[in-house]
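Chemist: We have chain W; now place chain L onto it with these hints.
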Amino acid sequence: MGETPLTVATDDLERAQAELARALGRARIGEDRALANQVRELGERLAHLLAGLLRMTRLHSPDNNAFNKPVEDLHHTLVQLHELLGSVHLVAVEDQVYVNDIRIRAGDKASSLRELSAELHRHNVGGITFHLPLGGPAVRALIAAVGGPPAMQEPRNTLVRALQAAGLSGLELQGRFRFRMAAEGEQQGFDPGGFLSRALAATDEAFQNLAAGRVPNPLPLRRVVTELLERGVADEQLWADPDGVPPHALHQLRVAQLALLVGRDLGLSSNLLQDLGVAALYHDCGYAAGGAASGGVGVAFEKHAATGARLLLRQRGFHEAKMRRVLAILQHHRDANDGLRPGLFGRILRVAEDYDTLGRRSGRLSPTLALAAMLKWAGTRYDAVLLQLLVNALGAYPPGTLLKLEDGRVVRSTAPARSPETFATPLARCLRLADGSPAPGDLPLVDLRGAGPLHLLRALP
Amino acid sequence: MAPDEGGPAPPAVQDADVAPLEGAEASPEERRAAGSPHAVSANAALLALTRAARSFTLYDPSNKVVRTLIGDYRDKLQKALASFGSLVLEVHPFELVLGREVVYLEKDRERSLSFRLFRDGVRRIGFEPGLTWEEMLHLLQILSIRYTGVRQQEDDLVTLLRKAAFEHVSIAAIEGFVPEEEFAEPPIGDLLRGATPRYEAPAHWDLPLPPFPEAVPLRHRAVGAELLERLRSEESEEAVAGGAVRAVAEVLHAPGPDLEAALGFALEVREFLLVERRVDLVAELGRVVRRALQARPEAVAAFLAAFLDAKTVEALVRALPADREELPAPFLELLDAAPGETVGRLVDLLAGEGQGPRAHLLRRLVARGFQHAPEALVARLREARGDTAALLLRLLADVNAPAALHAAVEASSAADPELQLEALRQLAGAAFTPETARALHHLVESRFESVRVAAFPVMASRGGARVFPALQAHAEKHAVTCSAAEAEAVGRALVQAQAPSALALFGSWLRPKSGGLLGRLMKMHAPPPLQRVALAGLRGAAGAEADALLALLAEHGEASVAREARATLHGRAGGRGGPGG
Chain W
1034 MGETPLTVAT DDLERAQAEL ARALGRARIG EDRALANQVR ELGERLAHLL
1084 AGLLRMTRLH SPDNNAFNKP VEDLHHTLVQ LHELLGSVHL VAVEDQVYVN
1134 DIRIRAGDKA SSLRELSAEL HRHNVGGITF HLPLGGPAVR ALIAAVGGPP
1184 AMQEPRNTLV RALQAAGLSG LELQGRFRFR MAAEGEQQGF DPGGFLSRAL
1234 AATDEAFQNL AAGRVPNPLP LRRVVTELLE RGVADEQLWA DPDGVPPHAL
1284 HQLRVAQLAL LVGRDLGLSS NLLQDLGVAA LYHDCGYAAG GAASGGVGVA
1334 FEKHAATGAR LLLRQRGFHE AKMRRVLAIL QHHRDANDGL RPGLFGRILR
1384 VAEDYDTLGR RSGRLSPTLA LAAMLKWAGT RYDAVLLQLL VNALGAYPPG
1434 TLLKLEDGRV VRSTAPARSP ETFATPLARC LRLADGSPAP GDLPLVDLRG
1484 AGPLHLLRAL P
Chain L
136 MAPDEGGPAP PAVQDADVAP LEGAEASPEE RRAAGSPHAV SANAALLALT
186 RAARSFTLYD PSNKVVRTLI GDYRDKLQKA LASFGSLVLE VHPFELVLGR
236 EVVYLEKDRE RSLSFRLFRD GVRRIGFEPG LTWEEMLHLL QILSIRYTGV
286 RQQEDDLVTL LRKAAFEHVS IAAIEGFVPE EEFAEPPIGD LLRGATPRYE
336 APAHWDLPLP PFPEAVPLRH RAVGAELLER LRSEESEEAV AGGAVRAVAE
386 VLHAPGPDLE AALGFALEVR EFLLVERRVD LVAELGRVVR RALQARPEAV
436 AAFLAAFLDA KTVEALVRAL PADREELPAP FLELLDAAPG ETVGRLVDLL
486 AGEGQGPRAH LLRRLVARGF QHAPEALVAR LREARGDTAA LLLRLLADVN
536 APAALHAAVE ASSAADPELQ LEALRQLAGA AFTPETARAL HHLVESRFES
586 VRVAAFPVMA SRGGARVFPA LQAHAEKHAV TCSAAEAEAV GRALVQAQAP
636 SALALFGSWL RPKSGGLLGR LMKMHAPPPL QRVALAGLRG AAGAEADALL
686 ALLAEHGEAS VAREARATLH GRAGGRGGPG G
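These protein sequence lines map, in sequence, to chains W and L.
With our numbering applied, the first sequence covers 1034 to 1494.
With our numbering applied, the second sequence covers 136 to 716.
No lab work stands behind these hints: they were computed from the structure.
The beta-carbon is built from N, C-alpha and C at its ideal position, and this holds for glycine as well.
What follows is a set of in silico ranges between Cβ atoms, one per label pair, in the way DEER data are often shown:
| no. | chain 1 | residue 1 | chain 2 | residue 2 | range |
| --- | --- | --- | --- | --- | --- |
| 1 | L | P228 | W | T1043 | 34 to 40 Å |
| 2 | W | D1106 | L | P228 | 25 to 31 Å |
| 3 | W | G1372 | L | D243 | 55 to 61 Å |
| 4 | L | R365 | W | T1455 | 25 to 31 Å |
| 5 | W | G1474 | L | E245 | 53 to 59 Å |
| 6 | L | P228 | W | D1044 | 35 to 41 Å |
| 7 | W | T1043 | L | V358 | 40 to 46 Å |
| 8 | L | A436 | W | E1269 | 57 to 63 Å |
| 9 | W | T1455 | L | P172 | 49 to 55 Å |
Pulled from the structure, derived: some chain W residues nowhere near chain L, Cβ distances all over 12 Å:
| no. | residue |
| --- | --- |
| 10 | Q1113 |
| 11 | P1275 |
| 12 | Q1290 |
| 13 | G1433 |
| 14 | L1438 |
| 15 | D1440 |
| 16 | G1469 |
| 17 | L1481 |
Just chain W, with the same shape it has in the complex (with noise of 0.2 Å):
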């Protein structure tokens, strides 16, 4: 291979060094850089303190004088962490410690996680979720438990129920874990139900924390968008409703889902599409303000984008993207044609969330009833162009939208529309066959084209 001609423009590297500068710029007003020590700080503290405690029971016993002191100093970081991030998820995975997905530094201490590690996995253990912090006699018991012999059959669940017995609550043991790498799903089969989970999980938690008086932590969200936004979001456990979740987490998400479509048949760019969706899941937190912090007042309707708007500028430091959810969660219930026109965002997010909530959680209207009516209000209430987008990603019978077959079968809309010639035929899954008999769970999505004529149902027969 022959070289490449070597030329240095000075003006490319001029500007190339403005640009360098002023992205290290905004970088560091972004920082919230008090916060961010205080929580590492904490957060290896709590690893190492545990990790000793771990060690000393194989010379003492725990109700001995010499764990006061680190079982004392174990509590006040369990209460300080907690204060600030509400629950705290200690991680050991491979050879590394996570505490709230920050990176426990090693340092010369590097054997004592490893010893961690080793003594939470001789459980089956990979993580502890501390949902509490544990008070002095709690902290001896856990020590007690896991410093000791594992059981043979279902350790983890050994120690849960003798956990249990101790009368400890208040705290989860999760099992172990792997790292899971960003191109896993496409080689090993994304697991749609697992990321719905830890998706809601990681929602539910944000909007307990704002309800909590903590400052925002947008990065889990960001990373459940970066995920979602990876796998694409035509999957069909995406669309379904679970059963027990926080409805709030998931109208969240569900809103997050219809704008990252929105988003993504706009041509955002993948930073922008970020934003989008981690504004979508706070877009409502402004009812968290009637939470306990806050003297347990609940907020109004007519209240909910300012006091959610106040919530996000506890969370310090300068970055567009909280000015953009801040501005769109301003704006969110504004009409389109207001004379303060919303920006794109908030926009987006009105479209998305009234459909959500006219076409599902209202119950007032099937899926393609919601979207008809709200065509009607295109220009006014709702962007135009906007609500295209979302009519002709979601198609003709979005996802939930129930349907009869002409041979009887019932099905359910599973997905968006996969193309534009299939926008009124999308995949369905079948729920009663042709003799109105409940469908097994395992049969195939049934593709509508070539189903013949199809009629709406409010609800199944």
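Modeler: Relative to the frame of chain W, chain L by itself:
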């Protein structure tokens, strides 16, 4: 592995901002790698990338060394891709591996590129031919941010890499944890979770919706590219700054605003606008906040005190063209509302500007700023020294003449020659009162000769005969020790104050007092310094007595005085058309 001999030579030191490259150089460990040509080339490219990314921790971003390192990174990486095609590296804690060859090794966590990548979850990174300059720059930007240790709440390395949407850079990164299926146990429920406090949103949040009485059939309609582009442009990079200002406005006007949070946000937006050099919007931002808080002047004052810090004021001024006569309205509004400290910052800029191109502009701004607070200018004047003090006194005269006169009287006893000279300038135009007379007296008694020399004629012209005794006393007391210039100045002043008295005085100095032998022997009574005083005064006096005294000096004065006296007489004779003419 050979050291990186192809790296850039340290630039010749031409500017003060160029610093030595030590610290940016590769360590011996970093240089070590396997030996195939591809590995050598990869090592060179990676070292260049590391040096460029680390340079921001060592140098100011505008330093020329940084530019050199960026260029080197581009050259080396392009060369590696052009010569050998794809470069796919496995990321280990302290090594980057190409195939089976270690092409980068550094165990110092502060220096190590591989450690930074590994720590942030990257396990593989690949570069493809066709890699654009923009992509290279973007990658460098991301790594530089991580190298400088900036920890943002919004992004980590993986989300930044995803945002970049590289086409010719592939990343395999950890994006979280998943259960390890090998060790799964049957679920037993959340036995330990307990009743942790939760808050649920109101059951009917966002309900009821407005009515939707009608519907429109759903149809797929393609949306034109132009329409899409128009919508996208609303969130373009260029729109961010304006959006930020708008966000502040909306937050402030939202019902029940949390003022502290809103104003904190406004200050954050200001930081962003300064980084982006959108100084025009900084002034607009200040205006937005002021208008929103019209009913709360104390809040406005507190905000402006924080908003208009030294850095912001300097940025606002530097954004104005130096020769611009008409200043932008938002900027002027801000200045007019600004607290006293702001004008003080303008004064600092003015002092630093000296005679620079923005001096005139800054004087205008300071004068305008002090119009609303002349007492602040007086206070600042009392703290100032030298040229700045003189400048402030001059500005005060533009703003408030009585205050300036009073300040000039105060300044007449300052131990500051520039200030005293400016005070003198102001007193020269003022009415002669006991106050100004005392001030002028201070000035002629100043310990700075330049001030005394300048003060004599002013004192004489303002005070006339009333100040003659003081001038006489000064001459007789100090003539022996003062310089020739001062002697001449006081001589001229004596004549200016009252010519007849001056001639009589000169006569008493120059003519011998006694008529006896001593009187006949001493031809000149006055010592040379007084002779000089007299000479200077006589040059400005007309008449026979002046001529006679000049003749006396010409005949009997000290040599240089006599010479000058003769020259003066000769000049006068020539002017009258010759002796007796």
